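*Asks:* Build the full structure now, drawing on both the sequences and the hints.
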Amino acid sequence: MVLGAAAGPASPADFIAAREQMAFTLGFHIILASIGIGLPALTVLAEWRWLRTGDPSYRELARRWAKATGVLFAVGAVSGTVLSFEMGTLWPRFMDTYGQVFGAGFAMEGIAFFIEAIFIGIYLYGWDRLPPRVHLLTGIPIAVAGIASAFFVVTVNAWMNQPRGFRLDAHGRVTDVDPLAAMFNPATPVQATHLILAALMVCGFIVASVYAVPLLRGRGERYHRLGFAIPFTTAAVVAPIQVIVGDWASRFVSERQPIKFAAMEGVDHTQAGVPFRFAFLEIPNGLSLLLRFDPHATIRGLDSWPAGVRPPAEIVQTSFEIMIAIGMALLGLAVWWAYTWWRHHRHGARWSPWFLRAATLAGVAAAIAMEAGWTTTEVGRQPWIVYGVMRTVDAVNPSPGLRYGLYVVLVVYAVLGAVTIGVLRRMRRPSHQAGALKVDEKITAGGAGR
Amino acid sequence: MSYADVAVALILVGLSAYLLFGGADFGAGLWHLLARRAAEKDVIEHAMGPVWEANHVWLIFVMVMTWTAFPPVFAGIMTAYWVPLSLAALGIVIRGSAFAFMKIEHGFKIEHRRRYRWAFGVSSVVTPYALGAVAGTIAAGDRHWLSPPGAYAGLLTVGLCAYLAAVYLTWDARRLSPNAATAERFRSYALGTGAVVGALALPGSIVLGVRSPLIGLSALAGLVSLVLLWRRAYLAVRLSAALAAGSVLWGAAVLSDLDLDAAAAHDAVLRVIFVALGVGGIFLLPALAWLYVLFQREAGSHEDRARAR
Ligand code: HDD
Ligand code: HEM
Ligand code: HEM
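Heads up: the sequence lines are chains C and H, in that order.
For the first sequence, the working numbering assigns the number 1 to the initial residue and increments by one for each residue that follows.
For the second sequence, the working numbering assigns the number 451 to the initial residue and increments by one for each residue that follows.
Bear in mind the hints are in silico, worked out from the structure with no lab data behind them.
Remember, predicted model here, so these are calculated numbers, not experimental data.
Even for Gly, the Cβ is constructed at its ideal location relative to N, Cα and C.
One side only, chain C facing chain H, incomplete, derived with CB under 8 Å:
{"#": "1", "residue": "Asp96"}
{"#": "2", "residue": "Phe113"}
{"#": "3", "residue": "Pro179"}
*Replies:* Written as structure tokens, this is what we have:
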């Protein structure tokens with residue numbers, strides 16, 4: 001049952017397919033996971049406001065968001081399950097050698113999933129079975145466990161960037177395993193913070209953009225205004241913090257993975273006084289100044305490393321620039337929201353349509369920033385699956401035919417994505433609202449003889 | 451008992467729970483496809499709704515435990531059986547999302563629901579078949595999941611799931627459905643599949659050379675279950691049916707005789723995991739119990755209501 005010596009992929013096409021499949025399924029999962037992290041918290045917030053104020057708009061929001069959580073959590077959970085399978089079907093040698101080193105993070109994530117899934121069941125189906133306060137309280141473990149599971153899983157990714165907590169013996173087997181040192185590796189604090197904030201931004205902006213559309217069309221009822229304001233404010237508060245944390249991430253990478261940093265910033269040759277380049281823009285000495293607070297500081301360039309360990313620099317640089325551009329744009333939007341809100345309260349001014357138009361795009365933009373950030377991290381780590389220790393080629397499943405797996409996954413996920421969006425859109429229609437309420441009644445009538 | 455033994459025991463507990471809870475949800479998917487009457491489908495949807503996601507996490511638990519505690523075993527199985535296991539993973543995706551969509555669109559468009567129903571039903575059969583085939587192939591020491599032992603184990607797993615589901619749903623129908631005939635129909639499904647699965651399991655285990663008292667236990671519990679079903683003891687039969695199905699799994703585990711000690715992770719790793727599970731269990735087990743009790747609580751209330759009318 002034990003694998004033989006490293007054999008490498010069956011063919012280059014299978015190797016590429018395995019990487020693309022991993023990237024695609026992760027990219028799909030991360031959007032749903034972000035909503036799964038943020039939406040339960042928003043739902044509980046709305047339900048709490050309802051209990052406090054008795055305002056039916058809050059009640060309606062809480063009910064709607066709970067329903068959406070139900071659908072999105074299910075799709076998120078099954079797409080996460082695919083990832084767990086893929087860790088083994090695509091990267092068995094990685095798991096074989098290092099599974100025990102980083103496994104504790106996944107085990108703890110598993111416990112968090114359990115708590116999440118149990119309370120999702122209780123919360124979604126318990127509206128009419130539990131006293132209102134108890135029901136509210138059962139929402140809190142979902143939100144906490146969502147953030148905890150994101151933390152635990154990202155410790156694994158951080159470990160892939162900064163492997164710690166083991167030594168390799170003469171046969172290449174791990175010894176002296178210290179799972180906690182692996183979990184709390186140097187990359188964990190910054191990656192976990194950046195990721196959790198990113199998830200809140202993705203969720204907040206996506207949910208808000210759903211309500212920006214009816215507001216733009218002039219259906220500015222209180223329900224829609226609150227549905228916009230609660231998630232948008234959450235995301236807008238996070239946006240400035242995220243820029244600061246992103247700066248921390250950049251400094252961290254420049255110290256710990258200087259080759260990734262050189263790729264991100266497009267520094268080809270080692271030089272002093274490196275200019276800051278962004279798309280067409282160029283500020284002389286800018287990068288040296290930004291990074292080291294010294295306009296003449298030297299930054300190591302890509303060509304100082306052998307070609308065999310350089311990541312594909314254009315992809316890394318482009319995706320990094322996309323993330324920064326969107327991060328700054330969302331920061332601007334957050335400021336605009338603060339101004340809009342202030343004018344509304346001081347002068348009773350209406351929310352400007354231009355602001356709402358921009359807000360409609362914020363959800364998609366945040367999701368793109370999330371994908372771009374992950375592309376930066378993962379592609380920037382290449383050719384390593386475990387930075388400096390194991391190459392991705394040596395990790396892949398040697399079986400032939402992996403590419404057919406990719407084709408099937410692409411088709412199934414395309415359909416799944418389209419149907420999920422279709423279902424969510426139909427949930428917004430008035431005709432379905434009546435239907436949806438009927439379901440609630442049936443569910444309670446199903447079991448409750450009261 | 452070494453740390454590795456404890457880890458094996460935990461994995462077996464997880465697998466058993468996945469078969470008994472998650473497996474029954476797959477079986478329910480099969481009945482949902484086969485059942486003609488709306489009342490039966492309603493019972494299935496209402497019974498599964500709150501619990502299927504928690505039931506599903508047992509699989510995640512088993513996988514994570516295996517790759518952390520026995521990394522070479524996980525890697526070996528995943529490399530050798532990546533085709534059926536990928537199939538199972540896709541089945542899980544389609545099953546779970548189709549169920550969630552079907553529930554949310556309840557009372558909406560008929561065409562949508564019909565499509566989800568097929569996706570839900572078919573994937574509920576493919577997944578346990580693939581998982582069972584892999585387990586059977588490993589247990590029998592065979593090489594290919596399409597070999598006879600694989601096919602046999604796949605069918606047996608589907609049968610066990612369908613049987614467990616029918617048994618559990620009989621009680622749920624009595625609890626949830628205003629129509630007494632619904633419970634009677636699930637009872638007849640349970641009696642039928644129970645007989646078929648029993649007839650499939652016993653000769654198979656003899657051919658495969660399972661020599662373990664567990665087979666006797668399974669047969670006994672299976673017989674008791676048929677009697678209990680016949681006498682309409684719907685709660686008691688849940689336990690005996692679970693025992694009958696669980697002992698098939700344990701029999702297969704005995705048969706496989708995997709040498710796990712050599713593959714085990716370092717004690718330092720296992721210690722951290724046991725502590726994490728211990729601490730997690732303090733929250734998790736009461737919550738899980740609450741989930742099941744909460745949605746089974748109004749047991750019998752329909753009968754009361756019917757009697758009052
Ligand atoms: C809403 C999403 C979002 C936004 C607005 C930003 N990021 Fe980000 N970024 C991510 C979402 C993200 C992420 C969640 O996708 C990543 C991937 C891995 C990680 O830990 O976070 C990431 C990674 C990531 C990395 C690589 C970390 C590594 O490889 O270890 C750097 C250097 C930055 N980010 C820097 C920034 C800066 C300077 C931003 C300010 C404008 C910024 N990010 C905004
Ligand atoms: C904790 C979470 C994660 C883990 C454990 C993880 C693990 C992996 C593994 C094992 C690979 C394959 C080996 C490789 O190519 O390096 C990979 C590749 C990749 N992952 Fe991640 N990943 C995580 C999060 C994400 C997320 C959320 C995304 C979202 C988009 C992502 C994007 C990618 C990309 C783009 C690749 C392909 C890189 C390439 O082949 O050039 N990762 N990841
Ligand atoms: C950084 C990236 C990731 C984040 C933030 C994340 C977060 C989450 C969250 C919040 C959920 C709950 C479901 C939902 O809300 O929709 C979830 C589900 C899941 N994730 Fe991820 N995840 C990530 C990457 C991964 C990876 C790399 C794996 C596996 C190797 C994985 C495996 C799973 C599994 C198995 C589930 C389902 C749990 C259940 O049945 O409830 N995730 N993830």
